[in-house]
Amino acid sequence: MHWFPPSSGRRTPSFLQEDPPADSPARETRDVTEALTDTAESATTAASEFARWLRSGSREALMAMAITIAVILLLFLLKWALTRLAARLPRKDEVSLSEIFGRIVSRFRGYFIFSIALAVTDSMMSLPDNVSAFISVLLVLTGVLQVAEWVQEAAISTVKRNVRRSASDASTLASAVNIIKWFVSVAIWSVALLLILDNVGADVTTLIAGLGIGGIAVGLAAQGMFRDLFSSLSIIFDKPFQVGDTIRYGDTWGTVEDIGLKTTRIRERHGEQVVMNNTLLLEHEIHNMKRMARRRIELTFGVIYQTPPDKAETIPDIVAETVRAIQGAEYVYCAMTGYGSSSLDYELVFYALNPDYNRSQTLKSRVLLAIFRRFHEEGISFAYPTRTLYVSQTEPPENQQRFEMRRAESEPGP
Numbered sequence: 271m272h273w274f275p276p277s278s279g280r281r282t283p284s285f286l287q288e289d290p291p292a293d294s295p296a297r298e299t300r301d302v303t304e305a306l307t308d309t310a311e312s313a314t315t316a317a318s319e320f321a322r323w324l325r326s327g328s329r330e331a332l333m334a335m336a337i338t339i340a341v342i343l344l345l346f347l348l349k350w351a352l353t354r355l356a357a358r359l360p361r362k363d364e365v366s367l368s369e370i371f372g373r374i375v376s377r378f379r380g381y382f383i384f385s386i387a388l389a390v391t392d393s394m395m396s397l398p399d400n401v402s403a404f405i406s407v408l409l410v411l412t413g414v415l416q417v418a419e420w421v422q423e424a425a426i427s428t429v430k431r432n433v434r435r436s437a438s439d440a441s442t443l444a445s446a447v448n449i450i451k452w453f454v455s456v457a458i459w460s461v462a463l464l465l466i467l468d469n470v471g472a473d474v475t476t477l478i479a480g481l482g483i484g485g486i487a488v489g490l491a492a493q494g495m496f497r498d499l500f501s502s503l504s505i506i507f508d509k510p511f512q513v514g515d516t517i518r519y520g521d522t523w524g525t526v527e528d529i530g531l532k533t534t535r536i537r538e539r540h541g542e543q544v545v546m547n548n549t550l551l552l553e554h555e556i557h558n559m560k561r562m563a564r565r566r567i568e569l570t571f572g573v574i575y576q577t578p579p580d581k582a583e584t585i586p587d588i589v590a591e592t593v594r595a596i597q598g599a600e601y602v603y604c605a606m607t608g609y610g611s612s613s614l615d616y617e618l619v620f621y622a623l624n625p626d627y628n629r630s631q632t633l634k635s636r637v638l639l640a641i642f643r644r645f646h647e648e649g650i651s652f653a654y655p656t657r658t659l660y661v662s663q664t665e666p667p668e669n670q671q672r673f674e675m676r677r678a679e680s681e682p683g684p
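Residue 271 is where the sequence shown starts when you use the numbering used here, and the numbers rise one by one after that.
These aren't lab readings, by the way, just hints derived from the structure by calculation.
Warning: the hint list may mix true and false statements.
[Claimed, not checked] Pair by pair, the computed Cβ-Cβ distance ranges are:
no. : residue 1 : residue 2 : range
1   : 377       : 336       : 23 to 31 Å
2   : 619       : 373       : 53 to 61 Å
3   : 353       : 318       : 33 to 41 Å
4   : 453       : 631       : 38 to 46 Å
5   : 531       : 570       : 44 to 52 Å
Built from N, CA and C at the ideal position, the CB exists for glycine as well.
Given only the sequences and the hints, what does the whole structure look like? Please build it.
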């Protein structure tokens with residue numbers, strides 16, 4: 271509906287003078303533009319009339335000014351009191367109810383307070399019709415904006431509370447809130463915009479229908495983006511990995527730095543940053559290294575075949591004793607696994623109690639050096655590739671015998 275009577279002196283812009291089809295985007299744009307233009311011109315007229323009425327110095331004008339100022343002061347005093355009350359309430363963190371209440375109170379805007387004061391004045395005084403209509407539409411518009419801010423703050427705070435219960439660290443909370451906040455803000459302010467257009471006289475039914483058709487087209491064109499978006503939410507709430515985790519994905523091995531709306535950024539162990547698509551990231555196997563309680567390390571080694579059987583039998587016990595003496599290593603087993611081409615083969619398995627890759631490699635080096643030192647003390651030799659050649663001498667062939675006989679005959683005698 272229209273709050274103000276149409277302005278008779280307004281000229282329609284040239285690009286809107288032609289009458290487009292009723293269901294076309296151009297017609298919808300023209301209707302919205304006309305409604306906004308009508309409202310702006312009527313509001314300007316009403317504001318000018320209200321200003322002249324106040325400047326008239328009449329008793330009614332002075333009373334209206336006094337009432338408006340009194341209501342504004344009263345509402346600001348109420349805001350101050352509620353802010354002090356919220357500050358005194360017990361609070362655990364930024365998503366506690368008292369903290370949420372305090373943020374909502376702090377968003378009690380001055381433009382809404384001014385609109386309420388004018389509306390109270392209008393209800394108590396006999397103001398001109400155009401001024402009353404202007405105050406009514408101003409109250410509705412500012413009220414929509416104010417309520418949208420409150421609803422946005424309450425919705426985002428509720429999301430933060432729910433995500434805080436499922437998120438194990440601050441980085442996950444920040445990623446989830448940033449993604450959901452975008453959805454919530456778009457939804458709330460879209461509704462607020464439609465309410466504002468409806469109150470200034472625009473045909474929002476046709477506009478919504480047009481937006482619905484356009485939304486389908488945009489959705490089809492951006493389905494890949496939305497797929498990545500929901501994949502990022504799946505990563506955040508299902509938590510296959512979090513920011514700070516070290517993961518291995520195919521040939522990529524690094525630390526997760528950021529989980530975004532479309533991509534996840536990983537700092538590779540060689541230093542470069544790898545940007546990976548969220549959807550593709552969830553379609554394949556991911557190894558999360560940070561969630562290891564300990565790291566399993568497997569080593570193979572061989573000793574020469576000349577090792578006495580009794581000594582070869584004691585090798586597992588020697589290795590076990592050596593590994594158990596090293597802090598941070600948990601021995602599992604050591605056993606002979608087979609006969610190699612040039613060695614008696616053994617396998618050693620132990621755990622590095624610290625799963626960090628760099629520290630586990632340092633521990634592995636300590637174990638190898640300790641075994642090498644102990645074998646040297648025990649007189650056990652590590653195997654290395656060797657090959658034994660057996661050469662046998664046979665009778666020379668017949669041609670060779672004849673050649674030797676001719677050479678003997680040709681040589682001069684003594």
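Lying within 23 to 31 Å: is that true of the beta-carbon distance residue 377 to residue 336?
28 Å, holds
Assessment of proposed distance window 44 to 52 Å (beta carbons of residue 531, residue 570)
46 Å, holds
Is 33 to 41 Å respected by the C-beta to C-beta distance linking residue 353 and residue 318?
36 Å, holds
Honestly, do residue 619 and residue 373 meet the 53 to 61 Å range at C-beta?
Hint holds: Cβ distance 56 Å, inside 53 to 61 Å.
Are residue 453 and residue 631 spaced within 38 to 46 Å by their CB atoms?
44 Å, holds
Comparing the model with each numbered hint stated earlier shows that all of them hold.
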